[in-house]
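Student: With the hints as constraints, model all of the structure from the sequences given.
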Amino acid sequence: MPSEQQGNASTMPTREFLTFVLGDETYALDIMTVKEIRGYEATTKIANAPDFIKGVINLRGDIVPIIDLRIKFGIGEPTYNEWTIVIMLNIQERIVGIVVDGVSDVMNLEDEEIKPAPEFGVAFDSKYLHGLAALDDHMVIIVDIEELISSDELGIFESA
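Heads up: the sequence shown begins at 1 in the UniProt record's numbering, then just goes up one per residue.
Keep in mind that a hint or two might mislead.
[Said to hold, decoys possible] Calculated cross-link-like contacts (lysine-lysine; reagent style DSS-like; alpha-carbon spacing at most 25 Å):
id, residue 1, residue 2
1, K35, K45
2, K127, K45
3, K127, K72
4, K127, K115
5, K45, K72
6, K72, K35
Simulated from the structure, these hints should not be mistaken for laboratory data.
Tutor: Below, the structure is given as C-alpha coordinates:
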(Lines of atoms letter the chains of each structure in order from A and count residues from 1; the text may use other names and numbers.)
(Lines give C-alpha, C1' and ligand atoms only; values in the text may rest on other atoms or scores of the structure.)
Protein backbone atom coordinates (compact mmCIF):
# COMPACT_ATOMS: atom_id res chain seq x y z
CA MET A 1 0.00 0.00 0.00
CA PRO A 2 1.75 3.14 -1.15
CA SER A 3 0.00 5.48 1.29
CA GLU A 4 1.60 3.70 4.26
CA GLN A 5 5.07 4.07 2.80
CA GLN A 6 5.17 7.85 3.15
CA GLY A 7 7.41 9.59 5.68
CA ASN A 8 7.04 9.71 9.46
CA ALA A 9 4.87 12.83 9.31
CA SER A 10 1.94 10.83 7.94
CA THR A 11 2.22 8.13 10.61
CA MET A 12 1.99 10.58 13.54
CA PRO A 13 -1.52 10.66 14.98
CA THR A 14 -3.11 14.06 14.57
CA ARG A 15 -6.16 15.43 16.31
CA GLU A 16 -8.47 18.20 15.22
CA PHE A 17 -9.23 21.12 17.51
CA LEU A 18 -11.75 23.94 17.17
CA THR A 19 -10.19 27.26 18.15
CA PHE A 20 -12.22 29.96 19.85
CA VAL A 21 -11.62 33.34 21.44
CA LEU A 22 -12.24 34.47 25.01
CA GLY A 23 -11.12 38.06 25.60
CA ASP A 24 -7.64 38.43 24.12
CA GLU A 25 -6.70 34.75 24.22
CA THR A 26 -7.20 31.93 21.72
CA TYR A 27 -8.32 28.58 23.11
CA ALA A 28 -8.97 25.23 21.48
CA LEU A 29 -11.03 22.17 22.28
CA ASP A 30 -11.27 18.69 20.80
CA ILE A 31 -13.54 19.00 17.77
CA MET A 32 -14.98 15.55 18.47
CA THR A 33 -16.92 17.08 21.40
CA VAL A 34 -18.53 19.74 19.18
CA LYS A 35 -22.14 19.09 18.19
CA GLU A 36 -22.82 22.42 16.48
CA ILE A 37 -22.03 26.13 16.53
CA ARG A 38 -24.89 28.61 16.73
CA GLY A 39 -25.77 32.16 17.64
CA TYR A 40 -26.78 33.12 21.16
CA GLU A 41 -30.48 33.01 21.95
CA ALA A 42 -32.39 34.03 25.04
CA THR A 43 -32.29 31.45 27.82
CA THR A 44 -34.71 30.45 30.54
CA LYS A 45 -33.11 31.43 33.84
CA ILE A 46 -32.65 28.82 36.56
CA ALA A 47 -33.26 29.98 40.14
CA ASN A 48 -30.17 30.08 42.36
CA ALA A 49 -27.83 29.12 39.50
CA PRO A 50 -24.38 30.73 39.50
CA ASP A 51 -24.15 33.83 37.29
CA PHE A 52 -22.01 32.02 34.68
CA ILE A 53 -24.90 29.60 34.00
CA LYS A 54 -27.02 31.81 31.77
CA GLY A 55 -29.94 29.38 31.87
CA VAL A 56 -31.26 26.64 29.61
CA ILE A 57 -32.62 26.43 26.07
CA ASN A 58 -34.73 23.84 24.32
CA LEU A 59 -32.61 22.44 21.48
CA ARG A 60 -34.81 20.16 19.40
CA GLY A 61 -36.32 18.56 22.52
CA ASP A 62 -33.14 18.54 24.64
CA ILE A 63 -32.93 20.90 27.62
CA VAL A 64 -29.43 22.36 27.29
CA PRO A 65 -27.61 24.36 30.00
CA ILE A 66 -25.75 27.40 28.63
CA ILE A 67 -22.49 28.34 30.38
CA ASP A 68 -20.78 31.66 29.70
CA LEU A 69 -17.06 30.90 30.02
CA ARG A 70 -16.32 34.63 29.86
CA ILE A 71 -18.16 35.14 33.16
CA LYS A 72 -16.87 31.93 34.75
CA PHE A 73 -13.26 32.92 34.20
CA GLY A 74 -13.62 36.71 34.44
CA ILE A 75 -12.46 37.30 30.88
CA GLY A 76 -13.56 40.52 29.24
CA GLU A 77 -16.99 42.13 29.36
CA PRO A 78 -19.67 39.71 28.13
CA THR A 79 -22.09 41.08 25.56
CA TYR A 80 -25.01 39.29 23.93
CA ASN A 81 -25.82 40.26 20.38
CA GLU A 82 -26.03 38.77 16.89
CA TRP A 83 -22.27 38.04 16.94
CA THR A 84 -22.28 36.14 20.24
CA ILE A 85 -21.44 32.49 19.63
CA VAL A 86 -22.53 29.35 21.48
CA ILE A 87 -20.62 26.12 20.92
CA MET A 88 -22.87 23.13 21.59
CA LEU A 89 -20.87 20.26 23.04
CA ASN A 90 -21.66 16.61 23.50
CA ILE A 91 -20.15 15.73 26.90
CA GLN A 92 -20.86 12.41 28.62
CA GLU A 93 -23.89 11.85 26.38
CA ARG A 94 -25.34 15.24 27.35
CA ILE A 95 -25.48 18.48 25.40
CA VAL A 96 -24.02 21.61 27.01
CA GLY A 97 -23.59 25.03 25.39
CA ILE A 98 -20.64 27.33 26.07
CA VAL A 99 -20.73 31.04 25.21
CA VAL A 100 -17.51 32.40 23.69
CA ASP A 101 -16.47 35.67 22.02
CA GLY A 102 -15.88 34.00 18.66
CA VAL A 103 -14.90 30.85 16.81
CA SER A 104 -11.69 31.04 14.82
CA ASP A 105 -10.68 27.94 12.91
CA VAL A 106 -10.03 24.21 12.96
CA MET A 107 -6.42 23.19 13.54
CA ASN A 108 -4.70 19.82 13.29
CA LEU A 109 -2.11 19.02 15.93
CA GLU A 110 0.15 16.09 16.57
CA ASP A 111 0.57 15.09 20.21
CA GLU A 112 4.21 16.25 20.18
CA GLU A 113 3.12 19.78 19.17
CA ILE A 114 1.19 20.19 22.42
CA LYS A 115 3.44 21.50 25.19
CA PRO A 116 2.65 21.19 28.93
CA ALA A 117 0.55 24.00 30.39
CA PRO A 118 2.10 26.40 32.88
CA GLU A 119 0.77 26.52 36.42
CA PHE A 120 -0.05 30.22 36.08
CA GLY A 121 -0.89 32.92 33.58
CA VAL A 122 -4.14 31.60 32.08
CA ALA A 123 -7.73 31.94 33.24
CA PHE A 124 -8.31 28.20 33.33
CA ASP A 125 -7.05 26.09 36.22
CA SER A 126 -4.23 23.99 34.76
CA LYS A 127 -6.09 20.77 35.60
CA TYR A 128 -8.51 21.70 32.80
CA LEU A 129 -5.76 22.17 30.22
CA HIS A 130 -4.21 19.72 27.78
CA GLY A 131 -1.42 22.18 27.09
CA LEU A 132 -0.30 24.91 24.71
CA ALA A 133 0.43 24.89 20.99
CA ALA A 134 1.94 27.47 18.64
CA LEU A 135 -0.36 28.92 15.99
CA ASP A 136 1.24 31.44 13.64
CA ASP A 137 2.64 34.15 15.93
CA HIS A 138 0.79 33.30 19.15
CA MET A 139 -0.03 30.46 21.52
CA VAL A 140 -3.29 28.53 21.66
CA ILE A 141 -4.46 27.24 25.04
CA ILE A 142 -5.86 23.73 24.61
CA VAL A 143 -8.71 23.11 27.03
CA ASP A 144 -9.72 19.69 28.32
CA ILE A 145 -13.35 20.66 27.81
CA GLU A 146 -14.75 17.33 29.02
CA GLU A 147 -12.86 17.68 32.32
CA LEU A 148 -13.97 21.29 32.69
CA ILE A 149 -17.65 20.76 31.89
CA SER A 150 -17.96 17.61 34.01
CA SER A 151 -16.07 19.13 36.98
CA ASP A 152 -17.73 19.65 40.36
CA GLU A 153 -16.69 23.30 40.03
CA LEU A 154 -19.27 23.90 37.30
CA GLY A 155 -21.84 21.60 38.88
CA ILE A 156 -23.53 20.69 35.57
CA PHE A 157 -23.27 16.94 36.14
CA GLU A 158 -24.05 14.92 39.23
CA SER A 159 -20.96 13.89 41.20
CA ALA A 160 -20.12 10.23 40.80
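Student: Each hint needs a verdict: does it hold in this structure or not?
Tutor: Going through the hints against the structure:
| no. | hint | in the structure |
| --- | --- | --- |
| 1 | K35 / K45 | holds, 23 Å |
| 2 | K127 / K45 | violated, 29 Å |
| 3 | K127 / K72 | holds, 16 Å |
| 4 | K127 / K115 | holds, 14 Å |
| 5 | K45 / K72 | holds, 16 Å |
| 6 | K72 / K35 | holds, 22 Å |
Comparing the model with each earlier hint shows a violation of hint 2 alone; every other hint is respected.
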